[in-house]
Every structure is written in C-alpha cells, then in structure tokens.
Amino acid sequence: MKTKILLLITALMLSVSSADAQSLLKKIGKGVEAVAKEATKAAKSATKEGKQSSKSTSSSKTSSQKQSSKKKAKRVYIANENTCRDPKFIDQTGQIVQLDIDGMLYRLNLKDGYAWVDCTMEYKRGNLRGEAKIWATILYEGNVYPVTRVKNGAYSAEGITSLKLSYDMEEIEAGAFKETRLREVYIPSSVKKVGPASFCEIKTLKTAFLEEGVEDLGGTVFAGCTALEEVRLPSTIKKMDIYVFDGCTSLKNVTFLCKVKKIPNFTFRGAKAMTQIQLPETIEEIGNSAFEDTGLKSFTFHPNIKKIGDSAFAATALTEVTIPSTIEEIGTYAFVDCKNLKKINISKKWKDITLIVEIFGNDPHIITSHNLDECKIFNWID
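Under my numbering, read the sequence shown as residues 24 to 405, first letter to last.
Worth flagging that the hints you see were computed from the coordinates, not collected in a lab.
Quick caveat, the model's predicted, so the values are computed rather than measured.
Check before you lean on any hint, since a few could be wrong.
[What the hints assert, rightly or not] Derived DSBU-like pairs (lysine-lysine); straight-line CA-CA distance at most 35 Å: (1) K320 with K399; (2) K371 with K229; (3) K295 with K329; (4) K285 with K147; (5) K282 with K147; (6) K262 with K174; (7) K284 with K261; (8) K365 with K329; (9) K262 with K285; (10) K229 with K285; (11) K216 with K282; (12) K284 with K366; (13) K320 with K366.
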C-alpha cells in the first residue's frame, strides 16, 4: 500500500510545476493522515467490540451456569439448602465412602457417582423427630453426588412426622419408613420403585399422593395404615404386588388411574370405609380377597373383567350385584357372607345349584330352595 502511494506521488510530481507540486504534497499529506486516523479509529472500535463480545459471552456463560446451578439445586427441604457441603467423614472402603449427616448414615459410590441413605446412626436411633431431612445432593471433595435411594429400613420405627423427597430420588427400598409417624406421603415422579412395606403400619398416615412417573409398588406398601383416608394411584404404575392397602380400615377415596390388568390379591382387604370404587377398563382380573371385608355397597363389572378370584367380594356391604355373561371365571366363595345382598343379577350360565353354593356359600337368606327358580333373590340374565 505504501509503495503504491509513493509511486503515485512521484508521477504527479513529474507532471506539475514546483509550486503546484508543493501544494499537492500538502493535500496528499493531509489525506494520508486522515486515512491513518480513520484506520486507527476503526482498529480501536474493533478491539472494544471484541472485548464487549468477550465480556458478553463470559456473562452469558456465567448466567447459564447460574441457571444450571439453580435448576439442579431443587429446594425441597426445610434445611437452608438441599446440598450438604460439610459431611462428617467416617471411613472409606474401596469406592464406598461413609458419612454421618444429621445423624443418618449416608454412603457415596465414588465410581458411579451417586449416594444413598443407609440407616440411622446408633447414637440417634429412636430419637429422630419432626421432618426427615434427606439431602438431595452431597458435595464431597469437589464432586456432587445425588441421593437416589433410601435403603431398607433406614427410618423404620423413628418418630419422623413429615417427609419431602427430591426429584433426584429414584427408589425407596423395603421398610424404609415402616412404623414411623408420618402424616402424609408425597412421592415425586422421579421415584420409579416403592419397595415392599416401605410405609406400612404407620398409624398416623392420612394421605398418600404418588406423582405420575411411579411405576412399581411392592407388597404391603401401605398395609396396616389404619388412618389412611385418601390415595392417588397414577396412570404410570405398571406393577402392583399383593396386600398393598390391606388393613387400611379408614381408606375411602381411591383415585385409581393405573393401567394394570389385575387387582392383586388382598389389595383392599379390610377397607371398611370404602363404599365405592371406579376401576379403569384395563382391568381383566380381580384377585383373591381383593375387596374382602370392605364397605363396598355397589360395584360395576365392565366388559373387560373376565375373572373374579376366591373371596374377592366376601363379607362386603353389597346390596345388589350384577354378574354379566362376560365373566368367564368366578372363584370359590367370591361373594360369601354378603349379608346385605337383596338382589343378584347373574348370567344364566351359572344357573346350577352346585356353582351357586360355591360362589355365594350355603347362605339361607340367598339359597332359600334347591330349586333356583324359587330363590327370589336371583334375576337370571342372558
């Protein structure tokens, strides 16, 4: 660039007079200075913009990091933060670290990057009260470990009255909160499996709410919770084991959304406060003693139900029952001891004295004659 300017000046100098040449040089000099100034100004502007862009990018990253941090730090406990930052070290065996946090034994799996609540520390055993402070995450040696499960019997028989679980929690193992003093249970969608007897025999429990996302309910999960009045079973449940609500005498409101095919054996046995329930049309089978000794006054068998198990509705408060022709199998004593029955609408395919005795028992208020046509309680349908 400089060489081209010098050649241009030389050519002009040769073609003009001395006076004109001097005047021209002054003009060219001013022009060059102006160009230089503009170039310097542009360079400074570019540098400034670059710094601002860098600062903006840095600020954006910081903001993003803060948002990410906030997203991870789910505040669901009464503690000031849900990340434990100063755990009390006990010992380390291989890849497992043991920590004492709030009187609970936590274990960290250093290799796989997660933690779990193991059990109550001996010096705290039997003395836990109030809310169960289960940390969502643990900061240990610069690394964050999500607490993903509560182990077998971790809080069993402790005096805790309330519980909140984070959305990092994935599993509640067998007997984890058995015989505690919880008043309500709210299980978040991140929990996929609730183990056997995990909340059983809690005499103070009144409400259990399971978010959409829970998939597996173990046996006797809420068995013996005599104060339990209300429960919600989400549509995501794929598996239910037996005795889930056995002995829940106060249970009256059940929102049954799960798409399982069978009501397992003894599911609602003894739920005397339950006067009605609506089941989804996915149900094909009602297990043995599923509704035995409940307060059911009415029940509708939708067309997809094919099998009724042994003692399924024994000792209920049913006043009338309709058993359609779509039912293919009825178990022994399915409706025995139903003292309030006034009318039985039943398919003609069951019109056999032996079958009727097997289904309803030899109850004199039902079977008034060996000739079923003389038993006024029956209405034979196609």
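Can you confirm whether the C-alpha distance between K229 and K285 stays at or below 35 Å?
holds, 25 Å
Does K399 sit within 35 Å of K320, going by the straight-line distance between their CA atoms?
Holds. K320 to K399 sits at ~20 Å (cutoff 35 Å).
CA of K262 to CA of K174, is that 35 Å or under?
Since the Cα atoms of K262 and K174 sit roughly 20 Å apart, the hinted pair holds (cutoff 35 Å).
For K284 and K261, compute the direct alpha-carbon distance and say whether it is at most 35 Å.
holds, 9 Å
Taken at face value, is the distance from the CA of K329 to the CA of K365 at most 35 Å?
holds, 24 Å
35 Å limit on alpha-carbon distance, applied to hinted pair K295 and K329:
holds, 25 Å
Please verify whether K285 and K147 have alpha carbons no more than 35 Å apart.
Measuring from Cα to Cα gives roughly 42 Å; hence the hint is violated.
Decide if the proposed pair is consistent with the structure: K284 and K366, CA atoms, cutoff 35 Å inclusive.
holds, 28 Å
Compare the distance between the alpha carbons of K320 and K366 with 35 Å, and conclude whether the hinted pair is satisfied.
holds, 12 Å
Quick one, are K262 and K285 close enough, alpha carbons at most 35 Å?
OK: K262 and K285 at ~9 Å, within 35 Å.
Hinted pair, alpha-carbon criterion (35 Å max): K371, K229. Please report holds or violated.
Between K371 and K229 the Cα gap is close to 44 Å, so the pair fails against 35 Å, i.e. violated.
Verify the proposed pairing of K216 with K282, using a straight-line Cα cut of 35 Å.
holds, 16 Å
The structure fails hints 2, 4, 5 (numbered hints given earlier, in ascending order).
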